[in-house]
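*Asks:* Please dock the two separately framed chains into a single complex, following the hints provided.
Each chain, letter by letter, is given below.
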Amino acid sequence: MKKDKIVIGLAGNANVGKSVIFNHLTGLHQHIGNWPGKTVEKAEGTLHFKGHTIDVVDLPGIYSLSTFSIEELISREYIAVENPDLVINVVDASVLERNLFFTLQLVELETPIVVALNQMDMAKKKGIKIDQEKLEKILGAPVVPTVATSRAGIYELMQTSVDVVEKGVGKPTKIRYGEEVETRIRKLSEVVSKLQLPYPARWVAIKLLEEDEQIEQRIRQLDPKIVSVARKLAEEIEGIHGHSCSTVITSERYEIAGRVAREVQEIVPPTRLPMRERLHALTTHRILGYPVMVGVILSVFFGIFSFGDYTSQLLGAVFENFYSAYEGVFGTGMLATLVWGGIIEGLIAGITIALPYLIPFYLVLYFLEDSGYLSRIAFLMDNLMHKVGLHGKAFIPAMLGFGCNVPACLGCRIMETERERFLAIFVVTLVPCAATSVIILGLVGAYVGFEWALLLYVIDLLIIFVLGRIAFKVLPGESTGLIMEMHDYRTPHLKTVVAQAWFRLKEFIVMAFPLIIAGSFIIKLIDIVGLLKPIANILSPVTFVWLGLPAITGITLIFGVLRKELTLLTLLMLFETEFGTTDFANVPGFGSVQMIVFTLVAMLYIPCVATIAALVKEQGWRRALFITVFEIGFAIFVGGIAYRILTLTGM
Amino acid sequence: MDKKLSQLKHGETGVIVSIQALTMHHRHHRRHGWGFQRRLEDMGLTPGTKVVVVKSAPFHGPIEIHVRGSRLAIGRGMAERILVSVEK
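Chains A and B are the protein sequences, given in the same order.
Under this note's numbering, the first residue of the first sequence is numbered 1, with each subsequent residue one higher.
Under this note's numbering, the first residue of the second sequence is numbered 1, with each subsequent residue one higher.
Treat the hints as calculated values from the structure; they're not laboratory data.
Treat the numbers as computed from the prediction; the structure is a model and nothing was measured.
For every residue, glycine included, the Cβ atom is placed at its ideal position computed from N, Cα and C.
Hints are not guaranteed to be accurate.
[Stated by the list, open to error] Chain A regions said to be covered by chain B (calculated; three or more residues, Cβ under 8 Å): (1) 59-66; (2) 90-104; (3) 358-365.
Okay, chain B solo, but in the shape it has when bound (with noise of 0.2 Å):
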């Protein structure tokens, strides 16, 4: 079942199928969001990748991840465009 990363539970882990590069705001423009991407592939978040959701800050604040061995803060809203599928 594919779910964003940001309504992962604490503790579930994920594989990433697909990063959302593209708003409707911004769709004019080629490489709007493409840096975005980007940088969430070259920090390791590529598809295929196993995420852990280990917590969230309170007031829909970032959360933190581990991701190939390391532990990441990712900010809510691109957390938001990480579409990852959670095995059951």
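Next up, chain A with everything else stripped away, as it sits in the complex (with noise of 0.2 Å):
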């Protein structure tokens, strides 16, 4: 049977190079999305393969089906529902017995499968041997060696592909339980066949003796009485084990991935101990560790920043002259300055922040997510961010947040659940980026004292510390500890790493330049229609009132919204109109006190709009306006107590 077009799922557990199978196999013709209503990413991607089309969808990296992740679950219906014509399922070789755990649950869902016996050089590295014609008849399904970052086997596994999808290979052997499951699986299978389910009878009957919340619901609402004969089947294995039924299936599962594991593969381990395991103690030890990592974070920070600070200079001094060009034709009327102000400036303000740090920090993020040093990291860091109600997994973006909050919030994508993804990105938010950081030190720093804008740092801290268990005891949900693979050190494969940057940053510039545009033209055409200052009037009761700032001030904060760095730029330019001097030193009304409280106000205030479009493409509206909104009233808040504390106790 010939099929003009085929789909293809590619699954597999995080980090056995299915992204470099997958950009070998779809090239420049990918779409990275989200999946429909959650905001887990994925990939597809369109390839011609011998007169096929064939479309591939990246599934994400997981370790088994069940429903403890997003991740699992999307995974999961897909491959059932959806019914992709095949599953390519990749597989770490020099991994192999956690690797065909994955496999097996594949298996059980029945869906056909080639496995591309991946990293074969890794394997071949640790002494390790597979055999595998043996692993094919063991599982029933075809499997092709590949080393994908040298692109070994990529055509013999298309080939294998579209073999499978138009001849068909018959489904994969079963896997045998112990007797005391088999029969109850067998028992229930028999009941759940007759209901009409887009999933095969056993793997129901399996999830519900598992009881899986996500297959109990739906078969309750086909038939309770089902869900409490499974219920009582399981109790019945829980009573002949002394364990709950789900960790009998579980056990047996890995079980079976041990024994088929050993029987396939051979190791002869290295007598030597390899470069990478040398690296992972040091990268890992308990005292050497935290420098290396203070070295590499260092570094990363300062390429990254030294970079986009000159980049974005360098564009803007183009933009600039581009301007005076700009005005010679068009003039200074109030259209063209709505359409400069407005469009265009947003439009630039965008190109500065994406191009000059978000192309180096993507690139940075994948490379050393690629080596495998970011878990390294999180080892190290896991204990502090306990305090704050994360793990260490959180701690990269946390850090990036200094630089800038928009790819640290991208970066929150790394956590697990979306419980931990918004708590990490309600905490990534808080920190002081590059822009609050010139306020911090152009204002208070070098008017009030360098200590005073150290004090501004600790108070933060201390704030995120505050706010960061508040939101961890608030929320719902369970917190979850740290658990991750550390795989092996390994080269990253640079051209897939350029892609991951480029599709990200593609998918960023759609998401976010709109939201940027809009922002900057609806204060650019409040400013011209001579609103502003009404504005600043109206907001005087928080501005003057409450926060004993100049009114005018209230301005100076809408302005920040764009870049966090302008609310000092527009102060300094209304104070040049009002009291015709550019030293804040000099200026009535707006001492010592006002200027920390000014700093903690912009500080806290609001994530700026670059922010906010990425929270709303992380987080959805809701939630970014959740956010938002939380912010500016919490910043107003801590900016009136301070200003109480600061008069009284007489500064």
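*Replies:* Written out as structure tokens, the structure is:
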């Protein structure tokens, strides 16, 4: 049978080289989006192979098909319900047992699979030899050895896949549990098979015995009796084994995976300690690990921000020249100003953020992730992050936040559950970014004193700590500790790193640019129609009465929504027109107290519009709005308190 | 002798006896703590599994273990709830 269009899902554990294979297959013909209604990334691509058009869907990297994480649920639903023609299971040949545990679950879903036995080079380095034919026989599915990083085996993989789709190789072998479990699976699947379900009956029976919440819910709607029968059968198994039924089934599945792995592989470990092991020992060392980490992070920071700053200024200069030309042609009329200040400047703001900072950021992030270093940092920093209710993995986005909140928000994807993602993003938006540092150092640091600037940082960190803890306690759901695989160090595949960076950047531009432009357009419009002053007056109960600041600061705080450093620049401009001075020290009614309060508010009051765009993208409108509104309210609250404390203590 | 996984010294090997899922605090929610247990089991930490403790991060940080031919990092809090038997 010749099919015009073939749909293939790519599934497997995290860090097995899935994305490298995906990039080889689809090249530039890929599209990154989200799964409908979810904040989980969906990468799709198309390729043409021997007259076939093949759609490839890259499923999230997961360890199991239970419902612990959204990724697992999405993958499971995709495979079972959308029913791709084939699933290519990418397996790390150097960690066979763990990977086969996942393979066995695919087998249970009774979907046709082809196993890509990837990282054969790494397996060889570790002295692991795998009998591929034997594995094929046991699994009842074709096995193709590959080394994705050097493109070896990719052609054969596609050839085999197309063959399987066209000719079919029958369903893979069933895996058999212990007799006391098997009899109950059989009993249950007989009942289940009478229902109309998109899943195989045996699989549903197993899931019911495991008390899988989602499947139980589904079956309960159709026939609640079946669920109670399943619960009873599960209890019987629990009685026999002394462990819960899901524990028994998972154990047995792992036992089978282990047995298969032992049967097909021969291990002769190398006698010399390889380089990657020494690197691992150094980077996770209880003392030396930290200076190494600080060194890496500092150089990453320095690299990204010196590159970003330089390029940003360069671009800024280019655009400035462009402005003179623009003025020459269109004049300084109202419409021309609106188009420039509203639309083009918004575009410029977007470009000067996205290009100089995000490109290097993404490149470095994916490089470090692919190499395996990120998981080592998470290992070292886990304990510290637990203090704010997060675990080690959140340290990376939090660090990035000091540079720019935008990549930091996007980086929160590495957290596993929705709850953790929200918590991490919330914490990250409170981290003072580079622009905030400009205000802290440029105003308080320069005019009040360096120790006061330092104090503001300390206060910010304290606030992060307290709010993080509160959010952690208030948010419903179970907190999850750290459990992650630290895969072997390896040289990242550069082409994949570049491709990943490029497609994520593209996705961000599509999402964020309209928002940034709309934001600057609205503010410019308010400015042009002369509403800034009235709005500042409306805000004066807050700015003047509660915060004790000059009323015109209301205007600057509005501009700060675009980019935080604009609060300082517009303040300077306004003081110049009002008082004829560009020295903050000479402005009446703007003393040390006001400077500190102003900076405190600017530091906390809102994520800038680009960050809001990133928030919307990651968390949706409602949560983005919630975080924004909360932070405005909180900043005003804290600012007012600080004003009163500072005046009371007689500053 | 049964110990918590977190009490094992570096280089020591233990066999998992059980995972304590439910804490007093969460007992009124039937499902609470289950996700935790299932997640550990999905990562291969099932009863009867051999675990080697490699090292731990300082300040009560996570511990590194070898299990089923792979290397895992596991938070201290989670390791405290895994009971292992140590052969002498």
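*Asks:* Compare the structure with each hint and give your call.
*Replies:* So, going through the hints one by one against the coordinates:
1. 59-66: Check passed, 3 qualifying residues.
2. 90-104: Satisfied; 5 residues make the cut.
3. 358-365: violated (count 0)
Violated hint for the displayed structure: number 3, the only one.
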